[in-house]
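Protein chains: 2
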Amino acid sequence: MAKNVIGILGGMGPAATADMFRKFIQLTPAHCDQEHIPLLISSIPDIPDRTRCILGGGESPAPVMEQYVKQLEEAGASCIVIACNTAHYWFEQLKTKSKVEMLSMIEATVDEVVQSGKQRIGLLATDATLATELYKNRLEAQGLTFIRPTEEGQKAVMESIYLLKSGEVEKSVALMLKQRDELIRLGAESIILGCTEVPIILAKEIEKAPHLYVDSTLALVRAAIHWYQTH
Amino acid sequence: MAKNVIGILGGMGPAATADMFRKFIQLTPAHCDQEHIPLLISSIPDIPDRTRCILGGGESPAPVMEQYVKQLEEAGASCIVIACNTAHYWFEQLKTKSKVEMLSMIEATVDEVVQSGKQRIGLLATDATLATELYKNRLEAQGLTFIRPTEEGQKAVMESIYLLKSGEVEKSVALMLKQRDELIRLGAESIILGCTEVPIILAKEIEKAPHLYVDSTLALVRAAIHWYQTH
Numbered sequence: 001m002a003k004n005v006i007g008i009l010g011g012m013g014p015a016a017t018a019d020m021f022r023k024f025i026q027l028t029p030a031h032c033d034q035e036h037i038p039l040l041i042s043s044i045p046d047i048p049d050r051t052r053c054i055l056g057g058g059e060s061p062a063p064v065m066e067q068y069v070k071q072l073e074e075a076g077a078s079c080i081v082i083a084c085n086t087a088h089y090w091f092e093q094l095k096t097k098s099k100v101e102m103l104s105m106i107e108a109t110v111d112e113v114v115q116s117g118k119q120r121i122g123l124l125a126t127d128a129t130l131a132t133e134l135y136k137n138r139l140e141a142q143g144l145t146f147i148r149p150t151e152e153g154q155k156a157v158m159e160s161i162y163l164l165k166s167g168e169v170e171k172s173v174a175l176m177l178k179q180r181d182e183l184i185r186l187g188a189e190s191i192i193l194g195c196t197e198v199p200i201i202l203a204k205e206i207e208k209a210p211h212l213y214v215d216s217t218l219a220l221v222r223a224a225i226h227w228y229q230t231h
Numbered sequence: 001m002a003k004n005v006i007g008i009l010g011g012m013g014p015a016a017t018a019d020m021f022r023k024f025i026q027l028t029p030a031h032c033d034q035e036h037i038p039l040l041i042s043s044i045p046d047i048p049d050r051t052r053c054i055l056g057g058g059e060s061p062a063p064v065m066e067q068y069v070k071q072l073e074e075a076g077a078s079c080i081v082i083a084c085n086t087a088h089y090w091f092e093q094l095k096t097k098s099k100v101e102m103l104s105m106i107e108a109t110v111d112e113v114v115q116s117g118k119q120r121i122g123l124l125a126t127d128a129t130l131a132t133e134l135y136k137n138r139l140e141a142q143g144l145t146f147i148r149p150t151e152e153g154q155k156a157v158m159e160s161i162y163l164l165k166s167g168e169v170e171k172s173v174a175l176m177l178k179q180r181d182e183l184i185r186l187g188a189e190s191i192i193l194g195c196t197e198v199p200i201i202l203a204k205e206i207e208k209a210p211h212l213y214v215d216s217t218l219a220l221v222r223a224a225i226h227w228y229q230t231h
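Chain order of the listed sequences is A and B. Those letters in the first sequence? Residues 1 to 231, per the UniProt record's numbering, in order. Those letters in the second sequence? Residues 1 to 231, per the UniProt record's numbering, in order.
Keep in mind the hints are simulated off the structure, nothing from the lab. Mixed in with the good hints, there may be bad ones.
Note: identical chains are not told apart, hence a pair may lie in one copy or across any two.
[Said to hold, decoys possible] Below, a list of computed lysine-lysine pairs in the DSS-like style, where the Cα atoms sit at most 25 angstroms apart: (1) Lys99 x Lys70; (2) Lys204 x Lys155; (3) Lys3 x Lys23; (4) Lys70 x Lys171; (5) Lys23 x Lys95.
Keep in mind the model is a prediction, meaning the values are calculated, not measured.
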């Protein structure tokens with residue numbers, strides 16, 4: 001078996017996991033099958049809803065995530081990434097229990113923001129990622145200005161994310177575009193796509209102006225490919 | 001952990017595995033993450049080249065495939081599918097050693113061909129899938145007429161498949177389209193996309209005339225979803 005294998009803890013949601021898989025393939029300079037990065041992907045979506053747990057006190061996803069991380073380790077993963085921003089609320093807890101390397105999507109994304117040199121940073125993410133200040137704290141620690149949607153706007157962001165999860169793509173796109181525009185109006189020079197569903201929702205827009213966005217999925221994939229190439 | 005999990009033995013190549021993952025998501029009627037089919041995906045692409053082994057006596061992929069099937073089983077897969085037609089040359093051997101259910105892509109595809117009621121069936125596949133007569137034997141056993149590209153044409157099909165694997169999409173599409181047309185000229189009423197790279201190469205054409213094709217990836221995904229829903 002391949003010496004190093006990247007494990008993806010996914011299923012939150014499956015479409016975001018597939019998007020991460022596709023980005024691994026696209027970003028790997030490969031001339032044949034055998035040159036691609038070895039991946040083990042867990043897309044077992046019965047993990048309790050992350051946002052509902054953080055905001056509403058619903059069932060914690062942590063025990064199930066721990067179990068799936070362990071499963072990836074036992075199946076041979078030597079470095080694990082999580083294809084969900086909100087789930088990173090439990091990142092340190094999972095990392096402490098894991099026997100292998102784990103790379104943080106939030107750290108990888110903030111690194112790319114810092115490298116971009118931009119100062120006023122907008123965020124499109126779930127209510128729970130906002131509430132837990134996963135991005136806000138790290139951006140402000142770097143001296144950057146953090147810009148979030150209005151209370152009303154954030155409701156639309158959240159509705160858009162759940163519409164994508166339920167397969168309602170068109171309605172989802174329309175809602176998210178409006179909030180993207182609103183962040184720019186509020187002064188954002190760069191927008192973090194800080195929920196892994198958002199790069200799927202805004203895919204066509206990202207093609208038109210890629211430098212406007214920092215895609216958390218892409219940032220983590222780049223970090224994981226770098227890890228693979230240096231280990 | 002979810003009671004039943006579908007394991008995908010992939011990496012042959014990674015893009016075909018990602019295409020299968022995407023099709024699982026698209027074909028599952030789900031309103032939220034938790035309603036999607038639980039998947040464990042092995043995309044470890046160091047499996048020796050299948051066609052080279054069958055035609056040139058290169059290293060056999062069977063021992064590595066066996067190992068990855070075992071790994072999927074140990075990680076909790078209760079039914080395993082292989083995202084590669086050519087690899088089905090070793091299907092019975094793998095199935096005999098596996099402790100869990102395995103569904104054949106070739107059987108699932110031929111079932112869909114038979115259901116279509118069409119009689120003259122073309123095949124776009126690797127040299128090795130042609131040489132091992134994986135499809136020819138089963139189609140003729142059903143009283144159907146099997147139509148393959150000319151010797152010259154098959155060289156172009158094979159070149160197109162390896163061009164996709166090396167990331168040269170445009171050239172790959174141009175070569176494959178010509179052979180698609182050639183199969184129709186030879187009398188094919190329906191064309192089996194009998195290599196998992198081919199539905200990726202012909203994606204835009206399939207959208208225009210979906211009923212002309214039987215996509216081996218889609219056929220296996222439908223069979224696996226059916227298995228999941230009835231177990």
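A quick look at each hint next to the structure:
no.: 1; hint: Lys99 x Lys70; in the structure: both (8 angstroms within a copy, 22 angstroms between copies)
no.: 2; hint: Lys204 x Lys155; in the structure: within (22 angstroms within a copy, 36 angstroms between copies)
no.: 3; hint: Lys3 x Lys23; in the structure: within (22 angstroms within a copy, 30 angstroms between copies)
no.: 4; hint: Lys70 x Lys171; in the structure: neither (37 angstroms within a copy, 43 angstroms between copies)
no.: 5; hint: Lys23 x Lys95; in the structure: within (24 angstroms within a copy, 32 angstroms between copies)
The structure fails to meet hint 4 from the earlier list, while all remaining hints are met.
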